[in-house]
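S.K.: Kindly produce the complete structure, drawing on both the sequences and the hints.
Protein chains in written order, with numbering that gives the first Met the number 0: chain A, 0 to 285; chain B, 0 to 285; chain C, 0 to 285; chain D, 0 to 285.
Hints may contain errors.
Heads up, the list lumps identical chains together, so a pair's fine if it works in one copy or across two of them.
To be verified - When the alpha-carbon atoms are kept at most 30 Å apart in a straight line, the in silico DSS-like pairs for lysine-lysine are as follows: (1) K188 with K212; (2) K212 with K91; (3) K280 with K212; (4) K145 with K212; (5) K280 with K239; (6) K145 with K239; (7) K239 with K212; (8) K280 with K145; (9) K151 with K99; (10) K188 with K239; (11) K92 with K151; (12) K188 with K92; (13) K145 with K188; (14) K188 with K91; (15) K91 with K151; (16) K188 with K99; (17) K188 with K151.
Source of the hints: derived by calculation from the structure; they are not laboratory data.
The lines below spell out each chain.
Number of protein chains: 4
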Amino acid sequence: MSSEHTARLLIHCQDQAGIVQAVSGFLFHSGANITSLDQYTTEAVGGDYFMRVEFVLPQLPQQLDSLTDNFTRNVAERYQMNWRLSLVQERKKIALLVSKHDHALMELLWRHARGQLPCDIACVISNHEDLRHAVEHFDIPFHVVKVQADTKAAAEAQINEWVADCDVLVLARYMQILSAEFTEQWAMKIINIHHSFLPAFVGADPYRQAYEKGVKLIGATAHYVTADLDQGPIIEQDVKRVDHRYTVTELRQLGAEVERQVLARAVLWHVEDRIIVFGNKTVVFE
Amino acid sequence: MSSEHTARLLIHCQDQAGIVQAVSGFLFHSGANITSLDQYTTEAVGGDYFMRVEFVLPQLPQQLDSLTDNFTRNVAERYQMNWRLSLVQERKKIALLVSKHDHALMELLWRHARGQLPCDIACVISNHEDLRHAVEHFDIPFHVVKVQADTKAAAEAQINEWVADCDVLVLARYMQILSAEFTEQWAMKIINIHHSFLPAFVGADPYRQAYEKGVKLIGATAHYVTADLDQGPIIEQDVKRVDHRYTVTELRQLGAEVERQVLARAVLWHVEDRIIVFGNKTVVFE
Amino acid sequence: MSSEHTARLLIHCQDQAGIVQAVSGFLFHSGANITSLDQYTTEAVGGDYFMRVEFVLPQLPQQLDSLTDNFTRNVAERYQMNWRLSLVQERKKIALLVSKHDHALMELLWRHARGQLPCDIACVISNHEDLRHAVEHFDIPFHVVKVQADTKAAAEAQINEWVADCDVLVLARYMQILSAEFTEQWAMKIINIHHSFLPAFVGADPYRQAYEKGVKLIGATAHYVTADLDQGPIIEQDVKRVDHRYTVTELRQLGAEVERQVLARAVLWHVEDRIIVFGNKTVVFE
Amino acid sequence: MSSEHTARLLIHCQDQAGIVQAVSGFLFHSGANITSLDQYTTEAVGGDYFMRVEFVLPQLPQQLDSLTDNFTRNVAERYQMNWRLSLVQERKKIALLVSKHDHALMELLWRHARGQLPCDIACVISNHEDLRHAVEHFDIPFHVVKVQADTKAAAEAQINEWVADCDVLVLARYMQILSAEFTEQWAMKIINIHHSFLPAFVGADPYRQAYEKGVKLIGATAHYVTADLDQGPIIEQDVKRVDHRYTVTELRQLGAEVERQVLARAVLWHVEDRIIVFGNKTVVFE
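M.R.: Put into structure tokens, the structure is as follows:
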């Protein structure tokens with residue numbers, strides 16, 4: 000069954016008896032076949048309820064509107080659900096922002112080129128020219144916008160123009176702090192890779208901080224960006240073992256491997272509709 | 000909601016449209032609240048279907064029989080399901096078999112004593128006296144049966160007597176090969192810990208084999224026991240990094256840590272009804 | 000060659016040309032055979048130099064004093080070394096402090112009983128009676144001293160009496176804060192296990208902090224205790240992967256596994272003279 | 000101190016008293032400063048001895064010949080050493096062989112471009128045209144030679160011509176079996192990445208074998224190539240956790256990540272002279 004008939008439903012509501020039955024019953028009577036179903040409740044009774052369903056419906060994409068209408072009336076309103084329905088074939092559009100470090104960017108471009116990142120990459124935006132050649136090799140537009148204290152507003156306006164039709168922005172080691180206005184406008188739609196195991200080592204130069212603290216593991220954290228620097232909901236983290244022999248430079252090199260993997264997983268989960276944000280935390284249906 | 004009202008349903012059948020709806024609808028109309036649901040299909044269409052549901056039903060355990068009857072008639076027969084329904088409060092009874100190495104055994108006794116292994120340990124059986132003191136400290140009966148080529152049948156008969164009311168046997172480094180009759184009688188009810196990353200290093204002294212091969216990781220494998228030595232369905236595996244400096248003795252020591260963890264996870268998953276065997280493989284709903 | 004003839008030399012000095020030659024030449028001319036040698040320099044030129052040598056000398060332990068004298072005069076003074084020489088057969092004496100959680104304590108007692116922790120355990124000290132039975136099963140003295148705000152000084156005096164001939168104290172989840180006087184008296188001789196990946200989540204109830212932050216890995220840190228709570232030199236760290244499904248209780252359970260392993264490794268390295276503290280960091284020659 | 004004055008010495012001989020002293024004394028009296036020293040002995044007494052020393056000598060590279068002569072006469076002959084001395088600035092020349100899968104190749108080209116793989120890549124050789132564009136983007140020559148049963152000898156002759164001045168060949172998923180003549184000619188100078196945790200799953204399509212066996216971890220192995228397929232000395236291995244949900248395709252994708260990392264580490268260690276082959280095993284001084 001090709002992906003054109005496949006859709007995903009993400010749901011968040013108060014936990015009540017009968018939700019699984021209501022959703023699966025609705026889909027069954029609509030002619031859909033559930034191919035994947037995950038759910039999670041924060042408490043045994045009366046907590047928050049989260050669900051992700053993937054299903055195949057031969058009448059998709061034509062009957063998307065009627066399916067949506069029916070689901071709204073017959074299920075979502077009854078349970079007061081926050082929900083969204085996505086067609087797998089409607090690939091998300093993403094833009095990548097980067098400064099000079101290429102490792103996280105290259106990992107994404109590379110996986111995308113190999114068909115392992117099911118989304119469309121609209122463009123790469125940087126505040127430096129350095130990576131133009133590397134990006135254009137993948138036939139992806141590369142835009143440069145310089146950012147300085149007094150030009151940040153204009154730069155962000157320019158970025159907003161370039162990414163106007165994008166669904167998500169990925170900061171693949173973009174070393175500029177985005178304004179609160181910008182991050183609010185793109186709330187839970189900007190993914191950043193921070194080069195430490197948050198909440199350890201927020202702020203600048205975390206590998207130097209890690210070196211000075213003498214930690215025995217270094218890590219990376221992919222998270223949604225909020226106005227609070229390095230404090231947004233964590234999507235994914237990983238670490239590697241180090242010892243006293245590692246210089247700051249070597250920590251950075253090893254850390255770059257972790258950053259690549261962690262960011263790539265986070266972006267994949269986002270474009271596959273596997274993440275629901277809940278307060279300052281994420282539910283990830285891997 | 001206390002565990003006395005909680006039950007688990009494990010299902011295996013041919014994949015068809017409507018199974019989730021049928022099961023969740025049945026539970027909803029029976030007054031149950033689904034607290035956990037996992038499913039897996041081997042193929043997008045027409046494969047094997049597996050499901051694990053945990054639910055709370057205030058009328059349990061009293062209405063277990065009627066629930067079972069109704070499920071059989073209204074759901075299971077229609078979809079030709081292999082299934083089983085377990086009450087969480089009916090803890091499984093397990094027996095542990097061991098020879099002289101105590102690490103895997105101690106890990107299980109210890110977790111059990113701490114309330115982390117929800118089952119009843121009926122007894123520990125060994126072909127040596129060595130571990131009597133360690134076991135009896137936990138107030139668990141310790142039986143010894145010597146095994147020699149010509150006494151194996153009698154020994155297994157004796158074991159069968161001791162474990163007559165047990166649900167599962169755990170070989171926590173039991174160094175005797177069980178007869179084909181015995182393993183068939185207890186099919187998919189004996190869990191063994193093999194001290195290598197199977198299928199590498201089947202047979203005797205896998206740490207020596209690993210040493211001689213010069214592998215850079217050593218591992219352990221928990222699996223169900225079949226008549227084919229070291230070939231039964233794998234439940235869990237893990238590894239640790241080693242290098243050329245490790246002697247065979249050190250590989251054994253480090254490996255013992257992996258064995259303890261891997262076996263403990265496998266036994267936990269079994270007693271929590273998280274495993275469905277399918278051909279020579281396992282579906283584990285963690 | 001039995002361990003009675005084996006010794007370990009730990010050295011820290013300014014890096015200069017010829018140190019390896021001086022030490023290895025001295026040992027060779029003293030009749031010793033080097034069985035293990037590790038070194039580390041903080042900078043390519045002119046940094047701090049660290050060395051660990053294990054050697055066998057048939058005249059040990061009898062000639063320990065003359066060896067020490069000669070090394071002092073002929074090598075150590077010339078290079079202004081901080082150093083210590085230990086006989087492997089002179090096992091370190093350790094005391095374990097614990098409150099109510101038994102997992103870290105049991106791991107140490109268990110490894111010790113199995114011959115995997117080459118030291119003598121003088122006693123276990125607790126501020127609660129709870130673990131007496133578990134400890135005395137290992138034939139190790141168990142002392143209880145209640146600690147309250149106004150009795151802390153007296154309690155520490157009592158502890159000091161019990162551990163007077165000990166080389167190192169291990170806090171295996173001891174939930175009392177030691178006074179600055181006490182930690183200074185035992186500087187770099189108290190090992191604590193903190194139940195988080197430091198420097199994340201210092202202070203109380205780190206698993207709850209981790210839960211509220213929504214991290215995707217939880218960890219544990221073994222460190223030397225200083226007057227600055229949770230800030231002493233880190234010896235070892237490790238983590239385990241978690242997801243949104245883990246309750247605080249489950250984080251604690253999984254975390255307990257990490258704590259056990261991390262503390263056991265740290266104590267082993269300490270008693271095998273593998274750790275040199277350097278500022279607020281450790282050099283660990285694994 | 001720049002790398003032009005830095006050299007590495009690898010030694011293998013019978014263990015005897017005084018080797019460290021002899022080597023470090025020789026280097027000291029030659030005016031060298033040891034910056035790194037690792038050693039390993041297979042037995043406490045009388046085994047095989049291995050050593051890796053990195054040192055800085057201001058008179059290098061000019062005095063390389065006299066240093067070599069002196070070392071031979073004064074140290075190596077006395078201890079009957081197998082040894083080699085390499086200047087760090089004389090970067091090794093490597094050639095990469097690949098078929099159609101690009102992931103392992105790209106990882107190497109990418110690290111090389113970023114300065115993380117200190118060697119010269121002479122060329123990439125393939126039996127397919129597919130990866131020409133990707134390789135030439137890095138300004139590295141790309142050669143294609145078709146291989147069929149009856150043309151294998153000619154193809155290998157052609158390859159030999161292209162790689163005549165290379166020090167090591169890396170099979171980055173090259174799907175042709177090299178002849179015994181070829182592998183003997185390049186003994187311990189061909190590194191292959193096998194897509195399983197050897198010795199499990201030798202031979203073709205290991206991910207399918209892993210799928211059918213139902214293993215819970217998949218891995219990759221970098222090893223030197225010998226005439227015995229998939230049996231040469233193991234350099235490095237790693238694994239990733241999987242479960243029953245992974246299709247063969249997904250195992251391949253996840254496995255590709257492990258392959259990339261494992262091969263990159265093995266090649267790095269080889270070009271940094273960190274590996275000594277000993278029988279069918281490797282000593283790796285990380």
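S.K.: What hint numbers does the structure not satisfy?
M.R.: Failing hints, ascending: 4, 6 and 8.
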